[in-house]
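*Asks:* Read top to bottom, the protein sequences are chains A and B. 3 is the number of the first residue of the first sequence in this note's numbering; add one for each residue after it. 121 is the number of the first residue of the second sequence in this note's numbering; add one for each residue after it.
Honestly, I wouldn't trust all of these hints.
[Unchecked claim] Quick list of the computed label-pair ranges, beta carbon to beta carbon: (1) Leu159/B with Leu50/A: 47 to 57 Å; (2) Glu51/A with Arg199/B: 41 to 51 Å; (3) Asn224/B with Trp70/A: 20 to 30 Å.
[As the list claims (entries may be wrong)] Computed far set for chain A versus chain B, every beta-carbon distance over 12 Å: (4) Phe17; (5) Val33; (6) Arg35; (7) Ile38; (8) Pro63.
Don't read these hints as lab results, they were simulated from the structure. All C-beta atoms in this analysis are idealised placements derived from N, C-alpha and C, irrespective of residue type, glycine included.
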Amino acid sequence: MAERRLGNAVRLHRFLAREMTQAQLGERVGVTRQTIAAIESGRYSPTLEAALLIAEALGKPLEDIFFWENTDSGKT
Amino acid sequence: MPIPEQFARVWLATLLITYGIYFALVPGVDTGSMWSQLLSFGMTAVAQAVIIAVASAWMELRHRGGPRRDERDRAIEQRATSVAYHVLMVGVILSGCIMPFSHNGWALFHAAVAAIAIAEIVRNGVIVVLYRRGWHG
């Protein structure tokens, strides 16, 4: 079975949402800028509640923002 | 750098310095009068409290009105506390259940203080490491 890890497209969708800053997204979700940065860089996996709030703030379905990715072949 | 990580670094440095000096200078056996032993520990505890109070006030002023702790901060703190709990339990078993059969007096006191200090060092060390390396609940 291939190794999987939680990937995300928060950075991409922030850019598409008129280059929303990490601080602005954090304010909408109720977390700090550092937590958004940690999520984007894969250093923190958010709770389901925060993940849903991030997706809502970016105007996208959850699965567009967070997804499984194989460590060797990228997004699945 | 998140505020809780800054605070953990200050705690870590303070514990390493104050209790490092304390355990380097105060022997682990029953020597010296009770008052000199108490004075040594009292000075260490007061020095630690003063450093933490000053650092806390400085960080509070610097980050006034800024974002507070969020879910990531709480998750990291809970993880660090659960790791430190096991360290503390080992220390309590050693100082409270095993050492009383072979040691007494100040040696037991120092062992208990060491257990608490080491557990706190581990807790703050784990917090710093989890902020740097990441945490995936």
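*Asks:* Taking the hints in turn, state whether each one holds.
*Replies:* Against the structure, the hints:
For Leu159/B paired with Leu50/A, a C-beta distance near 53 Å keeps the hint of 47 to 57 Å intact. Separated by about 19 Å at the C-beta atoms, Glu51/A and Arg199/B break the suggested range of 41 to 51 Å. A hinted range of 20 to 30 Å for the beta carbons of Asn224/B and Trp70/A is inconsistent with their spacing of about 58 Å. Listed as a non-interface residue, Phe17/A keeps its Cβ farther than 12 Å from every Cβ of chain B; the least gap is roughly 22 Å.
Its beta-carbon lying about 4 Å from the closest one in chain B, Val33/A breaks the requirement of being farther than 12 Å from that chain. Listed as outside the interface, Arg35/A is inconsistent with that label: its C-beta sits roughly 7 Å from the nearest C-beta of chain B, within the 12 Å cut-off. Non-interface call for Ile38/A relative to chain B: violated, since the shortest CB-CB distance, roughly 10 Å, does not exceed 12 Å. Separation of Pro63/A from chain B is adequate, the least Cβ-Cβ distance of about 22 Å exceeding the 12 Å criterion.
Figure legend: structure checked against the earlier numbered hints; hints not met, in rising order: 2, 3, 5, 6, 7.
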